[in-house]
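There are 2 protein chains.
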Amino acid sequence: MPPKDLFHDSVKRALEKDGWAITHEQMPLSFELGDMYIDLGAEKIVAAQRGSEKIAVEIKSFVRASAISEFHTALGQFFNYRFALSEQDPGRELYLAVPSDTYSSFFTIRLVQNMIRTYGLKLITYNPKLEEIVEWIR
Amino acid sequence: MPPKDLFHDSVKRALEKDGWAITHEQMPLSFELGDMYIDLGAEKIVAAQRGSEKIAVEIKSFVRASAISEFHTALGQFFNYRFALSEQDPGRELYLAVPSDTYSSFFTIRLVQNMIRTYGLKLITYNPKLEEIVEWIR
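Those sequence lines, one after another, are chains A and B. Throughout the first sequence, residue numbering follows my numbering, covering 1 to 138 in sequence. Throughout the second sequence, residue numbering follows my numbering, covering 1001 to 1138 in sequence.
Looking at chain A on its own, in the form it has when it is part of the complex:
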């Protein structure tokens, strides 16, 4: 099992411990284009529900060598997914899940904090080993 799936499973279990029901292990996200649909390449977006709250979670491991490269892609995906979601499933909030140690070491820098504030990114930080949510940042 590649490391990516370990993080994916870890976030799912962390959400379940937090009282969420996983409704889609892999939520398809596409975008209508005339009669066709463009697949947004959202391989691993988890959808979950708790009471009347519905969320979609883009799970990132930040195991790649370059945090900044992974952040470039995660940020672009977040914008595109959020827009597609607003049409496909309005009312479902998109979150970016990042390991809590990545949050402490990288997401606290001014560049990243500015992006979060300016563009209204919502985040979940999680502990991959304990399989627990550390913080909701909205």
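Do not rely on the hints blindly, as some may be mistaken.
As the list claims (entries may be wrong) - Simulated restraints on C-beta separations:
| hint | chain 1 | residue 1 | chain 2 | residue 2 | range |
| --- | --- | --- | --- | --- | --- |
| 1 | A | Ile-116 | B | Lys-1017 | 38 to 48 Å |
| 2 | A | Tyr-119 | B | Glu-1093 | 18 to 28 Å |
| 3 | B | Thr-1108 | A | Ser-105 | 33 to 43 Å |
| 4 | A | Arg-110 | B | Gly-1091 | 13 to 23 Å |
| 5 | B | Arg-1050 | A | Lys-129 | 46 to 56 Å |
| 6 | B | His-1024 | A | Arg-64 | 23 to 33 Å |
Stated by the list, open to error - Short derived list, chain B residues pointing at chain A, Cβ under 10 Å:
| hint | residue |
| --- | --- |
| 7 | Leu-1040 |
| 8 | Ser-1069 |
| 9 | His-1072 |
| 10 | Thr-1073 |
| 11 | Ala-1074 |
| 12 | Asn-1114 |
What the hints assert, rightly or not - Covered stretches of chain B, as calculated for chain A (at least 3 residues, CB under 8 Å):
| hint | segment |
| --- | --- |
| 13 | 1079 to 1093 |
| 14 | 1100 to 1113 |
Calculated directly from the structure, the hints in this document are not laboratory data. For clarity, every value in this text was computed on a predicted model and none was experimentally measured. Cβ atoms here follow ideal geometry from the backbone N, Cα and C, with glycine treated the same way.
Place chain B on chain A using the hints.
Showing chain B alone in chain A's frame:
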């Protein structure tokens, strides 16, 4: 020479034909973090000047199999580079350069047009073979 560099050279020559002087073949973009600098991994940002106008150009080839994957990354890079640039070199405008056929086939879709409008992306479309600027979209 990898295809990536062919596109890079093509855009440089297209800008020169359009009356721009290339001031940096590879403009370094970094972000201050206390006493350190984070390299934003902007390998190939071209800086150019024409009269009092100063621009930085993020050059994309869109030769990868998945246009949407390349767009995710290009979009995230554009946001991060634009923010870094606004601090490092205020007054220099960032443009995303894409081949004109990619613009016609992919950038015209509603998802991409929405991102351009909502977030104020500026684009240059270019013809890689003729080494000419086709359109400035600002």
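Hint-by-hint comparison with the structure:
no., hint, verdict
1, A:Ile-116 to B:Lys-1017: 38 to 48 Å, "holds (41 Å)"
2, A:Tyr-119 to B:Glu-1093: 18 to 28 Å, "holds (20 Å)"
3, B:Thr-1108 to A:Ser-105: 33 to 43 Å, "holds (40 Å)"
4, A:Arg-110 to B:Gly-1091: 13 to 23 Å, "holds (21 Å)"
5, B:Arg-1050 to A:Lys-129: 46 to 56 Å, "holds (55 Å)"
6, B:His-1024 to A:Arg-64: 23 to 33 Å, "holds (27 Å)"
7, Leu-1040, "holds (6 Å)"
8, Ser-1069, "holds (5 Å)"
9, His-1072, "holds (4 Å)"
10, Thr-1073, "holds (5 Å)"
11, Ala-1074, "holds (7 Å)"
12, Asn-1114, "holds (6 Å)"
13, 1079 to 1093, "holds (count 4)"
14, 1100 to 1113, "holds (count 3)"
The structure fails none of the hints (numbered hints given earlier).
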